[in-house]
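Enquirer: Spelled out from the first residue to the last, the chains are:
4 protein chains.
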Amino acid sequence: MSHIHENRKKLVARVRRINGQMASLERAIEGDTECGAVLQQLAAVRGAVNGLILQVMEGHLRAHVAGPGSSKRQDELLPVLAVLKSYLK
Amino acid sequence: MSHIHENRKKLVARVRRINGQMASLERAIEGDTECGAVLQQLAAVRGAVNGLILQVMEGHLRAHVAGPGSSKRQDELLPVLAVLKSYLK
Amino acid sequence: MSHIHENRKKLVARVRRINGQMASLERAIEGDTECGAVLQQLAAVRGAVNGLILQVMEGHLRAHVAGPGSSKRQDELLPVLAVLKSYLK
Amino acid sequence: MSHIHENRKKLVARVRRINGQMASLERAIEGDTECGAVLQQLAAVRGAVNGLILQVMEGHLRAHVAGPGSSKRQDELLPVLAVLKSYLK
Numbered sequence: 002m003s004h005i006h007e008n009r010k011k012l013v014a015r016v017r018r019i020n021g022q023m024a025s026l027e028r029a030i031e032g033d034t035e036c037g038a039v040l041q042q043l044a045a046v047r048g049a050v051n052g053l054i055l056q057v058m059e060g061h062l063r064a065h066v067a068g069p070g071s072s073k074r075q076d077e078l079l080p081v082l083a084v085l086k087s088y089l090k
Numbered sequence: 002m003s004h005i006h007e008n009r010k011k012l013v014a015r016v017r018r019i020n021g022q023m024a025s026l027e028r029a030i031e032g033d034t035e036c037g038a039v040l041q042q043l044a045a046v047r048g049a050v051n052g053l054i055l056q057v058m059e060g061h062l063r064a065h066v067a068g069p070g071s072s073k074r075q076d077e078l079l080p081v082l083a084v085l086k087s088y089l090k
Numbered sequence: 002m003s004h005i006h007e008n009r010k011k012l013v014a015r016v017r018r019i020n021g022q023m024a025s026l027e028r029a030i031e032g033d034t035e036c037g038a039v040l041q042q043l044a045a046v047r048g049a050v051n052g053l054i055l056q057v058m059e060g061h062l063r064a065h066v067a068g069p070g071s072s073k074r075q076d077e078l079l080p081v082l083a084v085l086k087s088y089l090k
Numbered sequence: 002m003s004h005i006h007e008n009r010k011k012l013v014a015r016v017r018r019i020n021g022q023m024a025s026l027e028r029a030i031e032g033d034t035e036c037g038a039v040l041q042q043l044a045a046v047r048g049a050v051n052g053l054i055l056q057v058m059e060g061h062l063r064a065h066v067a068g069p070g071s072s073k074r075q076d077e078l079l080p081v082l083a084v085l086k087s088y089l090k
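Chains as they are written, first to last, in my numbering: chain F, 2 to 90; chain A, 2 to 90; chain E, 2 to 90; chain U, 2 to 90.
Zero decoy hints are in this set.
Same chains, same label: a pair holds when it works inside one copy or across any pair of copies.
No farther apart than 25 Å at their CA atoms in a straight line, the calculated lysine to any residue pairs in the SDA-like style are these:
1. K90 - N51
2. K11 - A24
3. K11 - G32
4. K86 - E59
5. K11 - G37
6. K90 - E27
7. K11 - V84
8. K11 - D33
Calculated directly from the structure, the hints in this document are not laboratory data.
Owing to the predicted nature of the structure, the values given are computational and were not obtained by experimental measurement.
Please work from the sequences and hints to get the whole structure.
Expert: Structure follows, in structure tokens:
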């Protein structure tokens, strides 16, 4: 898919940041970290995964569903993206 | 918007079903209903609101973002709808 | 449940505010309101329902799961509430 | 925290399974995988992260908020867990 290909570097950078968060989470579980801090780390991972999903979904909708072309269809996409952003925070 | 206009009866029926659930929730809060049952009713309302959001969003995406026309863009919409359904359950 | 009983007025006020949002949503669907505005109203309803769920759940956890009494168990509840708040926004 | 310590092996196993899913996701982004399949993989990661959050949260609530001890408080926890499960699917 062209939009994934075009954004490949950014997407891979996000994946690797999540991998770093997961490594830190694993150390927290292996160590003696208190549960509240583990839950916070997990909430951060969830937020990062949601952000990545939103980026891939938005790219796909813009490039292949509204697009290619058509500024009218791109405009119609905006309220949907606004709602999706509020869900995937 | 035509897709809301076309589905107006179904959408209004869903809104009214939610209104009925809200009326029953209000009685439960006013009465002596135990908290677990109130939480279950709230979870049902949330599910019904999510279902309504999904229907409006899907109608909009099909009619005005992928559409009008273009079976290719409609096909590209399918994986997005599958993911949205898993989120808005 | 005492926490629902104690907060009954506030909870019923929230339920009625949601009923008002639902009435406005129904008018929007019956009228010629554009889909983006309908989606925004639906997102507002969802947020209000989530807020009500959070309030009932927090009240229940504080009064009947961590409580009655025990400031230690109340403290242990805090990181869970923080995560729940981030989910039910 | 004792409940994390006691379940450490299982929790670490879940973290590593997610790491495996992330590695496969990274290959999918680097490769030529179509967007729909990438979105499905992302949805699976999200589900696995939600499952892990639920397990840590439930363990914490049972051990340190309802517990230690008190079957009454454990019972009061059940409707909250039921609702949380429906949100974190």
